[in-house]
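Colleague: The chain contents come next:
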Amino acid sequence: MTHFSGPGSEAGDPTGPERTSVLTLRGALKTFGPVVALADGTIDLAAGEIHALVGENGAGKSTLVKILAGVHQPDAGEFLVAGQAVSFRNVADSKAAGISVIYQEPTLFPDLTVAENIFIGRQPKSRFGLISRVEMRRRAKELFDQLGVPIDPDRVAEGLSIADQQIIEIAKAISLDARVLVMDEPTAALSGVEVDRLFAVARRLRDAGSGILFISHRFDEVFGLCDRITVMRDGTYIATHETGSTSVEAIVREMVGRDIDALFPKSETEAGDVVLRVRGLTRPGVFHDIDFEVRAGEIVALSGLVGAGRTEVARAVFGIDRYEQGTVEMAGRPLRRKDPRAAIDAGIGFVPEDRRKQGLVMDLSVERNAALTLRHSLARFGIISARAEREAAETWGKRLQVKAGSPEHAVSTLSGGNQQKVVLAKWLATDPKLLIVDEPTRGIDVGTKAEVHRLISELAGRGIAILMISSELPEVLGMADRVLVMREGRITARLDRAEATAETVMHAATASLESSR
Amino acid sequence: MSLDSKSAVPAHPTPEHSRPSAFASFLRLRELPVILALVVLVAVTAALNPLFLGEQGIKDLLLNATILMILAVGQTLVIITRNIDLSVGSILGLVAFGTGSIFVAAPNLPIIAVFVVGMLFGAVLGALNGLLITIAKVPALVITLGTLYIFRGINNAWAGGTQYFAGDRPEAFGNLSVDTILGFPVITLIAVVVVAIVAVYMLGTRPGRDLYAIGSDPDAARLFGIPVTRRVLLAFVVNGLLAGLAGVLYASRFNSVGATTGSGLELDVVAAAVVGGVAIFGGSGTVVGAAIGALLLTTITSALTALRVDKFWQQAIVGILILAAVVIDRIASVRSARKLRIAEARNV
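Order-wise, the sequence lines are chains A and B. Start counting the first sequence at 90; every next residue gets the next number (the working numbering). Start counting the second sequence at 2; every next residue gets the next number (the working numbering).
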């Protein structure tokens, strides 16, 4: 997989390869009112290369991508596509120039078929000037064959996995003859196999001469896949390196402007009394006989592959989903099934995986989100005062260093990392005994990741029991006191901090998958 | 998975997979429940009262459904874009009264000109709705609730106590609702042509498909570069145009037009679309389904009358049908989602 071929293989050539630039952005400026989102957006993308763009939260990557996509128009700067100066008025202009953007969360139309999603707005027509579904299906199938991915072009997009949705976006880009493919954190929600598949596709496109801009927070991917790396910080271009002549440490230093000495600042704490005890939790077909406990001050990681049933267990514990058998006890007292209110009252906080959909009310302000779980304690005579709400929000916002223009701004305007902090603030304000965090650092950059880790560790240090679901092995190994590994709805391994290694965890997570092959 | 499948996939082109059988796709039709309901209803009623399916009976059924059908087709365009137009009853009323007035003022005007004027009038009112919604970015529900009252108010002020009767209009105009071609009333044939044209537009043209995309995910549609504003505006204009056509046909079909003509119709129209399988939050459904939904609703009324069932029950049954349509749709989507999940699990 790490073998490079095609024009991109010259990337590591120290004599300096000949590159033809397909896209150049220099000194792009973008402001929103008083906020400077991008001070110096600079990127030089060549044909036949995969180019990584890395930077912390709020470094301006998303703004840069949106300029390339034609969503935002830069206030100043130079923008060339294939040597020609361009200025996009809208998304259609950008597409016409051969730029395709694949967002972290693909935006397909759930009600339309896969084929139609690929060809919307430019469906092939028959002799009579009407859309030819046969032709559309044939071309879609051809694209999927070319990509080596079996997806039924006739099914509706609703219910497709994120990995398949991204493949559809890529198929669309290919059908558009895109010279530039921008992938904004495409791997954030993918499992290992899916990542390999995506990378194989990306390499094939590169070898066919496309320029690919790849945005990721995962350094193993950046270094394994990309030919060059451009670093941004605080809305400003820092540097571009040949991948072969730099290191993770050097890149991280440039990203944060300082050295991160402890990515996983786990403090040793003495585990206290059992806070959460789960016995025989079963929901047929989803999870079976789940037994575990979490003690005060302890971080227990629930590890495993995506789809192993980890989130489902957490949701059942918190009372969102049903379960058929088993019991959940908080501090020795049984918890009612399917009653999140009771779970909150018993002192459980839940930070969900999909913060956009489940953790935050995106259109409400930061302060109202932060105070959402607090409504009972903030209310006086059943009425919540705006002042009490703001005070609660400010206390926690400050503590977590949420970067918001104002607590009154809608949460949807914040970056991913800051949104995650608001979710944490929301639950911390309730003073929980147990905090369930599901993929706490998904889609968050290195600097904020460390901050979130420090926070979680600090919370454990204060005696809060933490149940952490994570697909990132380093996070699991670095943070957890104990690791529970799930596979196909069952716990297949219980490992101490000392026993837990990448090998033991991965083995327990995948053993049966391998044996079934 | 991964790359091995690359060579495997093109090697086994499965024809039955790439082209589902006609019967299988018929079974998956969203319109299937409403078609079945219609067939059962007609069969049962005809069995109990043979006159129901006599020549006159069928003609009455079709005549009664015609106007609601045209309105439902227009409404479907709007609902598919995740909007709604509650003002159609008022638009129909204004145009119907306008039609009556025109014939009084200019009795010799060609009938076709009256149709054109009525449809243009409707289109202007629809454009007004569309502009308010797309420019002010206020939900369609609110805007069209407002224009429902405004248009009705204008109609009241204009008509006052005046009513125009069939006698005020040329006989040829009224005959549109009496004459038949091959047993079908002329105005019903007009409705069928409208359904066919709009159905082809929605299924077979890019702007038509854009409407589905917009209703499916408006934000994504914008990101894709689909001209959302223009398309939504178009949907409202066409809906107004069709409401105008329905208004003219109303004046042909019914004896009197006045200040209250068409009031309350908007809910029947939305009901017809929903019963016909149009998703109220947009993105899916067809105009054919909505037209059949309209036919079903009006047929129920006729059937229950033929069976001498109390009026109260008629409305309750329409209500039950709406709920049934929604429940069936929900069950279907849950089931297909489960099926997809299982299929995916097998792939892993």
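No lab work stands behind these hints, which were simulated from the structure alone. Certain hints may be false.
[Unchecked claim] With the C-beta cut set under 10 angstroms, the calculated list includes, among others, these residues of chain B facing chain A: (1) G205; (2) L224; (3) L234.
Here a beta-carbon is modelled for each residue, glycine too, at the ideal position from N, C-alpha and C.
Colleague: Compare the structure with each hint and give your call.
Modeller: Verification of the hints:
1. A least Cβ separation of about 3 angstroms between G205 of chain B and chain A falls short of the 10 angstroms threshold, and the interface hint therefore holds.
2. Because the beta carbon of L224 of chain B sits about 6 angstroms from the nearest beta carbon in chain A, less than 10 angstroms, this interface hint is met.
3. The interface hint given for L234 of chain B is broken, as the beta carbon of that residue sits about 17 angstroms from the closest beta carbon of chain A, more than 10 angstroms.
The structure fails hint 3 only (numbered hints given earlier).
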